[in-house]
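Fit chain B to the given chain A structure using the hints.
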Amino acid sequence: MDTLLLSRIQFGANISFHILFPTITIALGWMLLFFKLRFARTGERKWMDAYMFWVKVFALSFAMGVVSGITMSFQFGTNWPGFMEKVGNVAGPLLAYEIMTAFFLEAVFLGIMLFGASRVKSWVHTLATFLVAFGTTMSTFWIIVLNSWMHTPQGYEMIDGVVHASNWFEIIFNPSMPYRFVHMMLASGLTVAFLIAGISALRMLWGDRGEDVKAVLRVGIITGAALIPLQILAGDLHGLNTLENQPAKVAAMEGNWETQGNVPLVLFALPDEDARENRFEVAIPNVASLILTHSLDGEVPGLNDFVGPDGEIMHPPVAPVFWGFRIMVGTGMAMLALSWGGLLLLRKYGASDMPRLPLYVFSAMSFSGWIATLAGWYTTEIGRQPWLVQGVLSTKEAVSDVPVGMVLSTLIGYLIVYGLLILAYIGVITYLARRATRGEVYSNRTYPRRGEAPVASLQPGE
Amino acid sequence: METFGDPAIWLPWAFAALMGLSILIYVVLDGFDLGVGLLVPLADDTQKDRLVASIGPFWDANETWLVLAVGLLLVAFPTAHGEILTSLYLPVFVMLIGLILRGVSFEMRAKAPLTQKKLWNGAFFAGSLMASLSQGFMLGMYVMGLTWTLPHVAFALLTAVFLTVGYSFIGAAWLIWKTEGALQTRAISWAKGGIWGLVMGIAAISLATPFVSTRIFDKWFSWPEALYLSPLPIISGALVVFLWWQLSRMPLKNDGWSWTPFAAATGLFTLAYGGMAYSFYPYVVPEKITIYEAASAPESLFIILLGTLFVLPAILSYTVLSYYIFRGKAAELKYD
Numbered sequence: 001m002d003t004l005l006l007s008r009i010q011f012g013a014n015i016s017f018h019i020l021f022p023t024i025t026i027a028l029g030w031m032l033l034f035f036k037l038r039f040a041r042t043g044e045r046k047w048m049d050a051y052m053f054w055v056k057v058f059a060l061s062f063a064m065g066v067v068s069g070i071t072m073s074f075q076f077g078t079n080w081p082g083f084m085e086k087v088g089n090v091a092g093p094l095l096a097y098e099i100m101t102a103f104f105l106e107a108v109f110l111g112i113m114l115f116g117a118s119r120v121k122s123w124v125h126t127l128a129t130f131l132v133a134f135g136t137t138m139s140t141f142w143i144i145v146l147n148s149w150m151h152t153p154q155g156y157e158m159i160d161g162v163v164h165a166s167n168w169f170e171i172i173f174n175p176s177m178p179y180r181f182v183h184m185m186l187a188s189g190l191t192v193a194f195l196i197a198g199i200s201a202l203r204m205l206w207g208d209r210g211e212d213v214k215a216v217l218r219v220g221i222i223t224g225a226a227l228i229p230l231q232i233l234a235g236d237l238h239g240l241n242t243l244e245n246q247p248a249k250v251a252a253m254e255g256n257w258e259t260q261g262n263v264p265l266v267l268f269a270l271p272d273e274d275a276r277e278n279r280f281e282v283a284i285p286n287v288a289s290l291i292l293t294h295s296l297d298g299e300v301p302g303l304n305d306f307v308g309p310d311g312e313i314m315h316p317p318v319a320p321v322f323w324g325f326r327i328m329v330g331t332g333m334a335m336l337a338l339s340w341g342g343l344l345l346l347r348k349y350g351a352s353d354m355p356r357l358p359l360y361v362f363s364a365m366s367f368s369g370w371i372a373t374l375a376g377w378y379t380t381e382i383g384r385q386p387w388l389v390q391g392v393l394s395t396k397e398a399v400s401d402v403p404v405g406m407v408l409s410t411l412i413g414y415l416i417v418y419g420l421l422i423l424a425y426i427g428v429i430t431y432l433a434r435r436a437t438r439g440e441v442y443s444n445r446t447y448p449r450r451g452e453a454p455v456a457s458l459q460p461g462e
Numbered sequence: 001m002e003t004f005g006d007p008a009i010w011l012p013w014a015f016a017a018l019m020g021l022s023i024l025i026y027v028v029l030d031g032f033d034l035g036v037g038l039l040v041p042l043a044d045d046t047q048k049d050r051l052v053a054s055i056g057p058f059w060d061a062n063e064t065w066l067v068l069a070v071g072l073l074l075v076a077f078p079t080a081h082g083e084i085l086t087s088l089y090l091p092v093f094v095m096l097i098g099l100i101l102r103g104v105s106f107e108m109r110a111k112a113p114l115t116q117k118k119l120w121n122g123a124f125f126a127g128s129l130m131a132s133l134s135q136g137f138m139l140g141m142y143v144m145g146l147t148w149t150l151p152h153v154a155f156a157l158l159t160a161v162f163l164t165v166g167y168s169f170i171g172a173a174w175l176i177w178k179t180e181g182a183l184q185t186r187a188i189s190w191a192k193g194g195i196w197g198l199v200m201g202i203a204a205i206s207l208a209t210p211f212v213s214t215r216i217f218d219k220w221f222s223w224p225e226a227l228y229l230s231p232l233p234i235i236s237g238a239l240v241v242f243l244w245w246q247l248s249r250m251p252l253k254n255d256g257w258s259w260t261p262f263a264a265a266t267g268l269f270t271l272a273y274g275g276m277a278y279s280f281y282p283y284v285v286p287e288k289i290t291i292y293e294a295a296s297a298p299e300s301l302f303i304i305l306l307g308t309l310f311v312l313p314a315i316l317s318y319t320v321l322s323y324y325i326f327r328g329k330a331a332e333l334k335y336d
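These protein sequence lines are chains A and B, in that order.
The first sequence lines up with residues 1 to 462 when you count with our numbering.
The second sequence lines up with residues 1 to 336 when you count with our numbering.
Careful, some of the hints might be misleading.
[To be verified] Computed list of lysine-lysine pairs in DSBU-like fashion (alpha-carbon distance at most 35 Å, straight line):
#, chain 1, residue 1, chain 2, residue 2
1, B, K288, B, K111
2, A, K121, B, K334
3, A, K396, B, K334
[Stated by the list, open to error] Looking from chain A toward chain B, a few residues come up when the C-beta cut is under 8 Å (computed):
#, residue
4, V55
5, A59
6, M64
7, T71
8, F74
9, N89
10, L95
11, F104
12, I112
13, G116
14, P178
15, M406
16, A424
17, T430
18, L432
Read the hints as simulated data drawn from the structure, not as lab findings.
Beta carbons: idealized from backbone N, C-alpha and C, even for Gly.
The following block holds chain A by itself, in its conformation from the complex (with noise of 0.2 Å):
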């Protein structure tokens, strides 16, 4: 092993770590938000409960989020110098942008929206709510701008070696960004729905009979079965758009190696790079052709083009990307196949009396969402090798000199603490849905609607 692959290890479990927490904040902000407005409109006392329940999911994921994702902001300079020194003057800008435009605005209404609930009148608190949520997309938003140039770099032009940017408009919508972005946030809404619906299948399974399990449940198979249709089309859109910019990346998801026509569609294979063809293929004739092209007889780039005349390997290592592909769109079909008959059953039964099976089924999901965007994000960042920046910075111009044993000894360290951290989050997020069957009060406070101050709860000592 040598330092190359180690950072690259050692990046891609920080990021795989981090992007787990704002999958879930991004949506659930929005969900919180949704519930705070509903309960507005309604007075339903279902709609707080379940705000109160989700919010403390909510500031766990955002604390997790947050010291995670600062690991990020120093991992540039650490393991990967050479990426700034290269393309700083467009990867800048648009980390500040992040952290001015959206890090702060989280942050700081993150301490009104979970604490300041009785020191501020309603509205502020829905407003705080607001920003957060507003303050999660919008670090999405510039977060993807940064990653699709990464993918689809324009807007540029190269002086003595250092990329300078041209054309922010162009850098900014560069063309894998709109269906980069579109796709995120619809897995992060995936994630969501299936989550609030897991847990609250959870909670009933345990014997939960409240409004608001029932209230939520609903809301999360609803909002499945309406988000992943969409998200279907816009995976679909992506492809295409990676099939014009990044052919090698399409040809090892689909794992041909000869660019031809009428290809099929793989289900299952062993990609051998060094044989240079799959093992054990599995293929439906003429699909894959069908899929990108939309033509039986449509071409398809193959890997054996971007193998230069010496030899040298210019496209993604295959079998990484071939089953990162697989994982996502499988889980996808999955995500399907129960929001659909959930909605089903929903329609015949009702949430009240959802047969158990299916309740089973939910909470074996709940944490779905993470296995398909972390195979997605394996797909398309594993996809992009053996370039950091597409056809301008290799991933190995950019990688710092330090020592292979620091760089292990390191990734150990942080494999450990992670494993750790996600057993706790999963075990605390079960613990506090069993509290919360066992039918611990959240609040005795009486909640005021819109625009009623909270007069009995100002805090003594004001």
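Just chain B, lined up with the frame of chain A:
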């Protein structure tokens, strides 16, 4: 861009000032909440909750100043970012793990089963300790020019201890302001026990800095610069004397002047920091790379600066709003 003269001169300067300001705000704000984390083991169980409550609504935004500071280093001085962070690889790792542990245990200690609370309290303390020590260590290494030799590491270990004790002092000063009764009394004694860290830290860095580089030595001890510089040590000394006197007679009737130790501690941090900034300017990597050499292209800096001019006042004003909403003595943390 040309209005203020050569953009390759004033833009790096403006960004160095912005970055310096972010680091200073970070050191004071996260300094007090790291400090409160360091004091957790000294408090009893109900007091622990109140300690955490006193920083609850703020810590997250406080840490964002670190992200901004590192972000500005990253975007405005990319070569320096690489140079500094690769040479501080290990302490950065320790700090990051510390900050992660801290932020997570902050949430976990209130949400995990009661039997685990002790564990998460421990993690909260350990995280605060790792972050404080490594920041102090990095400060020492930076002053020593980022070279790993035995005397430099020894000096950095010393500053690690001093900064940690200094943080616990400003944490205690925060608690004097934000708590009352028995806890406040304890905070006063913690502050008395921690003030030496701050004083020794400032002294150690002030003594070492001019002797590391002749350039800084000349800057300090030449006429008339020494005269302009003299208010720094004089005011610092006066603040230390004031703190000593004030702490010995606290608590005062009706909670009078309870904000003064925190204000004085902030003043001390600011002065010490100002002195360092003066010494190291114009270098961002000590004696190696100046801010002008390390700066990004002027067009890129300019577009960030434009945003900053709009956004920074907004950030400052809603930060003030948040401190205003959570003014007064810290109350129990409740979501409703």
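Hint-by-hint comparison with the structure:
As the CA atoms of B/K288 and B/K111 are separated by approximately 48 Å, the hinted pair breaks the 35 Å bound. Only pairs whose Cα atoms come within 35 Å are accepted, and A/K121 paired with B/K334 is accepted, the gap being roughly 16 Å. Pair hint A/K396 plus B/K334 does not hold up; C-alpha atoms about 49 Å apart against a cutoff of 35 Å. Interface hint status for A/V55: upheld, as the beta-carbon distance to the closest one in chain B is roughly 6 Å, under 8 Å.
The criterion of a C-beta within 8 Å of any C-beta in chain B is met by A/A59, whose closest approach is roughly 6 Å, and the hint holds. For A/M64, the interface hint holds, the least distance from its beta-carbon to any beta-carbon of chain B being 6 Å, beneath 8 Å. Contact between A/T71 and chain B, as hinted, is supported at the beta carbon level, the nearest pair being about 5 Å apart and thus within 8 Å. A least Cβ separation of about 5 Å between A/F74 and chain B falls short of the 8 Å threshold, and the interface hint therefore holds.
Annotation: interface hint on A/N89 holds; nearest CB of chain B at approximately 4 Å, less than 8 Å. Residue-level restraint check for A/L95 holds (minimum Cβ-Cβ distance to chain B is 6 Å; threshold 8 Å). Checking A/F104 against chain B: minimum C-beta separation of about 4 Å stays under 8 Å; hint holds. Annotation: A/I112 was flagged as interfacial toward chain B, and the flag holds, the nearest CB pair being 6 Å apart, inside 8 Å.
Look at A/G116: its Cβ gets to within about 6 Å of chain B, closer than 8 Å, so that hint holds up. Using the Cβ-Cβ criterion of 8 Å, the hint placing A/P178 at the interface with chain B is not satisfied: the shortest such distance is roughly 22 Å. Proximity of A/M406 to chain B holds as hinted, the smallest CB-CB distance being about 6 Å (cut-off 8 Å). A least Cβ separation of about 6 Å between A/A424 and chain B falls short of the 8 Å threshold, and the interface hint therefore holds.
Taking 8 Å as the C-beta cut-off, the interface hint given for A/T430 is violated, the closest approach to chain B being about 11 Å. Given the 8 Å rule on beta carbons, the hint for A/L432 holds: about 6 Å separates it from the nearest Cβ of chain B.
Hint check: violations occur at hints 1, 3, 14, 17; the rest are consistent with the structure.
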